[in-house]
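Spelled out from the first residue to the last, the chains are:
2 protein chains.
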Amino acid sequence: MDERTSRAGGGTLVDEVMEAVRRRITSRTLAPGEKLPSIRRFAETMRVSKSTVVEAFERLVASGVIRSRPGSGFYVAGHTLPLALKEIGPRLDREIDPLWVSRQSLEASPAMLIPGCGWLPADWMPQAGLRRALRTLSRADDAVLADYDSPRGNLDLRRLLARRMADHHIEAGADQIILTESGTQAIDLLCRFLLEPGDTVLVDDPCYFNFHALLRAHRAKVVGVPYTPAGPDVALFAEALAEHAPRLYITNSALHNPTGATLSPVTAHRILKLAEQHGLTIIEDDIFVDFEHDPAPRLAAFDGLERVIHIGSFSKSLSAAVRCGYIAARSDWIEQLVDLKIAASFGSGRLSAELVLSTLRDGSYRRHMQDLRERLSRAMSQTSERLKAIGIVPWIDPGAGIFLWCRLPEGLDAATIAREALSDGIILAPGNVFSASQGAGGFLRFNVAQSADPRIFAMLEKSLSTSA
Amino acid sequence: MDERTSRAGGGTLVDEVMEAVRRRITSRTLAPGEKLPSIRRFAETMRVSKSTVVEAFERLVASGVIRSRPGSGFYVAGHTLPLALKEIGPRLDREIDPLWVSRQSLEASPAMLIPGCGWLPADWMPQAGLRRALRTLSRADDAVLADYDSPRGNLDLRRLLARRMADHHIEAGADQIILTESGTQAIDLLCRFLLEPGDTVLVDDPCYFNFHALLRAHRAKVVGVPYTPAGPDVALFAEALAEHAPRLYITNSALHNPTGATLSPVTAHRILKLAEQHGLTIIEDDIFVDFEHDPAPRLAAFDGLERVIHIGSFSKSLSAAVRCGYIAARSDWIEQLVDLKIAASFGSGRLSAELVLSTLRDGSYRRHMQDLRERLSRAMSQTSERLKAIGIVPWIDPGAGIFLWCRLPEGLDAATIAREALSDGIILAPGNVFSASQGAGGFLRFNVAQSADPRIFAMLEKSLSTSA
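Protein chains in written order, with the numbering used here: chain A, 1 to 468; chain B, 1 to 468.
Be a bit skeptical, because a hint or two may be false.
Heads up, the list lumps identical chains together, so a pair's fine if it works in one copy or across two of them.
Under the rule of at most 20 angstroms between Cα atoms (straight-line distance), these lysine to aspartate or glutamate pairs were calculated in the EDC-like manner [stated by the list, open to error]:
hint: 1; residue 1: K221; residue 2: E196
hint: 2; residue 1: K221; residue 2: D142
hint: 3; residue 1: K388; residue 2: E55
hint: 4; residue 1: K388; residue 2: D233
hint: 5; residue 1: K35; residue 2: E276
hint: 6; residue 1: K221; residue 2: E243
hint: 7; residue 1: K273; residue 2: D15
hint: 8; residue 1: K35; residue 2: D332
hint: 9; residue 1: K388; residue 2: E410
hint: 10; residue 1: K50; residue 2: E420
hint: 11; residue 1: K273; residue 2: E19
hint: 12; residue 1: K273; residue 2: E16
hint: 13; residue 1: K221; residue 2: E239
hint: 14; residue 1: K273; residue 2: E306
hint: 15; residue 1: K462; residue 2: D397
hint: 16; residue 1: K221; residue 2: E306
Calculated from the structure, these hints are not laboratory results.
Just chain A, same shape as in the assembly (with noise of 0.2 angstroms):
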């Protein structure tokens, strides 16, 4: 008898070793991506041959329930993640994963201290402002609670955001902006727009480590510029265009993260002409906007929204909780982003907008980022010389903004300091997260307004002496 056919129960040997297998499947004996037993263990198993294995195994991978890896073997499908994300997912060196301070920060429990994280403490932020709108709010027509908003979001913000932008040079009508989520959210739609998988995107080097986790997400090769003072190196942003004739640059130009540099007027004309000769677009994140003193040159100014797309938010300035950011670009772009944002999340808040407007409108937002700038100016100032003190020392003075990029003594590992200051219940933001070269472990990156804490510094003075 050929052992392929029938044994007493019906169904062929082959059928057998197909169900045995799914069974291992579906009870979890065999996980997702594993790797399954030889098919001559199989075989001894099971007490058939080798080819009824083979040919059990070559119908189950046709049906797509495990997968053959030429020269390694047979894997459990199904579940097994896509390369871009598993690069995203946890890692056993989390300290330089770019998603390590997002989720520590996020999921720090009140006790804790977090000079790492990214935003400024809840009461700093303009709570009277937030809770008059709330009870506005609650007073608003039938429509304005339950309904949908339009594609590009409420015109009357609209038209708020582009005045607002018109005091910065940019001109962009209200139909030239639409409303998202955030400005995460507005980075993640236009990297849908603009980029298909293994396209190039520059950043700068330092950048927001948001970036890099998002660029992932989006399967983009990402190149880093060393970032100076005055903005991104000319001449390297030259050569990293000629080398990898990138399809993207994002950047801020203003209070840039992790630096709190600016870009100068001469750095931003030749990043223009450059990006001009190679067909290159750029996203200029400008969710500090309000925090700026003095108004800083932007490249949406310059470039009147041709090649660069502007975007912003009030995650950092108004509230967290309310999501709301915007994109100000190209009319025949936001046509089409309108309909990838429909088809992505179907409209964004109609709710957050409306709060949004309506602590524009009375004058709180305005008067309470005065205030904002000036206590951020005296916590800058109280943590520089907190840090000098103990021997870390700022990169630039910002002068306004949240952060302030320091190096540590020579010799010193960022990602060492921040798993010890973990340990202790303090959240550091180690240099390595914000660099694409890997480049910045001797920095750390401080928000000068979750840095009031003395325990901070006695925390790194005790650190620093025991790894000198």
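Once you have looked at the hints, place chain B on chain A.
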């Protein structure tokens, strides 16, 4: 003199040609994606040799300014759109575009009638509960008003969602749930997690049109399986698995959009068994759960969240202005989804989650849904009668929910009627926007809550009599 060397003004002839091309692009004489004039023509215009133009073009290709398409010529690079986006962009025959109904409905003026839209009128929503929730929120802690939410989102709301799911025999711990901005955003996040570009995804035919738009944005290949009044056609589902080896199936188990049909237990069991055999993952979109009179079986209940991912939102039942959706899935997947959620949107809306929690907790949501189900039943009977009276026949009587999927008299084209209706200020939902096979040209979907106005039926009667 070699003509590639300097003319009067310095720079080589090649440089001059390159500069000329760049100028045309900058001035938009040549638009992104546009074909360049031929080498011969360029040589004549510039009075240089063809080899000079060839070299200039080659250098421009190398620097990414233009692109070469073999056998076709040279094209301006830079702003050409990714393929997937082009496909969801505006089309000439926009009535069979998956985004047609969305955009028309979202952009409709208040004077228009919108029986084709997918949501309830604002005054059918629990306005009193929403207003109370906003007033309560205006007295919340500072952190609630201004801080980011935890990465998974509000724990109390997740616990409450877990209890609601348990009522439908879906076992999910609060840590197996993450909050998103909407149901659409939940599916979008899952598509990023599960799909590689080019993967095949099964959908019901017909299905919610935005699945098509979203899947195209993910560069997925979409295969439709005919939907019967008891769920997908099992035999054709099995065939589609064998033929296309899909990665994912997206469906509604109860009150299916657009048909209002509900999965039978036997179909549910067979679909799950096939899914197990083929390593298929299923997204069960359950946004109409609270519209059911009698609970139908859920795939996630049978499967135990092994390969089924359960999602939902409150956009249809509570408010579309409050953005809050959720995902329930295996713990190991949720952990990865949290990273992806941070990368793509840096968290979900804390205020939205608080508002939903508040209305769920104080009982106003429950009472609202009781009344709403009765009100919808009456509207469904009335709409059904009115449609039958003019020869438009519901495919089934769903008994609950908001949709009636209706067949037009033989030979009539829903897209033609929808175009006529639009010129009368009435937005209809023609069948083919829901259909992967484009085989639903004789159907219309009616939202019974938006179909009270007699002008809708007068317009339809007139249109049917002139078309017949």
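Each hint tested on the structure:
no.	hint	verdict
1	K221 <-> E196	both (10 angstroms within a copy, 16 angstroms between copies)
2	K221 <-> D142	neither (46 angstroms within a copy, 40 angstroms between copies)
3	K388 <-> E55	neither (70 angstroms within a copy, 56 angstroms between copies)
4	K388 <-> D233	neither (27 angstroms within a copy, 71 angstroms between copies)
5	K35 <-> E276	between (50 angstroms within a copy, 18 angstroms between copies)
6	K221 <-> E243	within (13 angstroms within a copy, 34 angstroms between copies)
7	K273 <-> D15	between (66 angstroms within a copy, 16 angstroms between copies)
8	K35 <-> D332	between (49 angstroms within a copy, 19 angstroms between copies)
9	K388 <-> E410	within (14 angstroms within a copy, 83 angstroms between copies)
10	K50 <-> E420	neither (54 angstroms within a copy, 66 angstroms between copies)
11	K273 <-> E19	between (64 angstroms within a copy, 12 angstroms between copies)
12	K273 <-> E16	between (67 angstroms within a copy, 17 angstroms between copies)
13	K221 <-> E239	within (16 angstroms within a copy, 38 angstroms between copies)
14	K273 <-> E306	within (12 angstroms within a copy, 54 angstroms between copies)
15	K462 <-> D397	neither (25 angstroms within a copy, 73 angstroms between copies)
16	K221 <-> E306	neither (24 angstroms within a copy, 33 angstroms between copies)
In terms of the numbered hints stated before, the structure departs from hints 2, 3, 4, 10, 15, 16, listed from lowest to highest.
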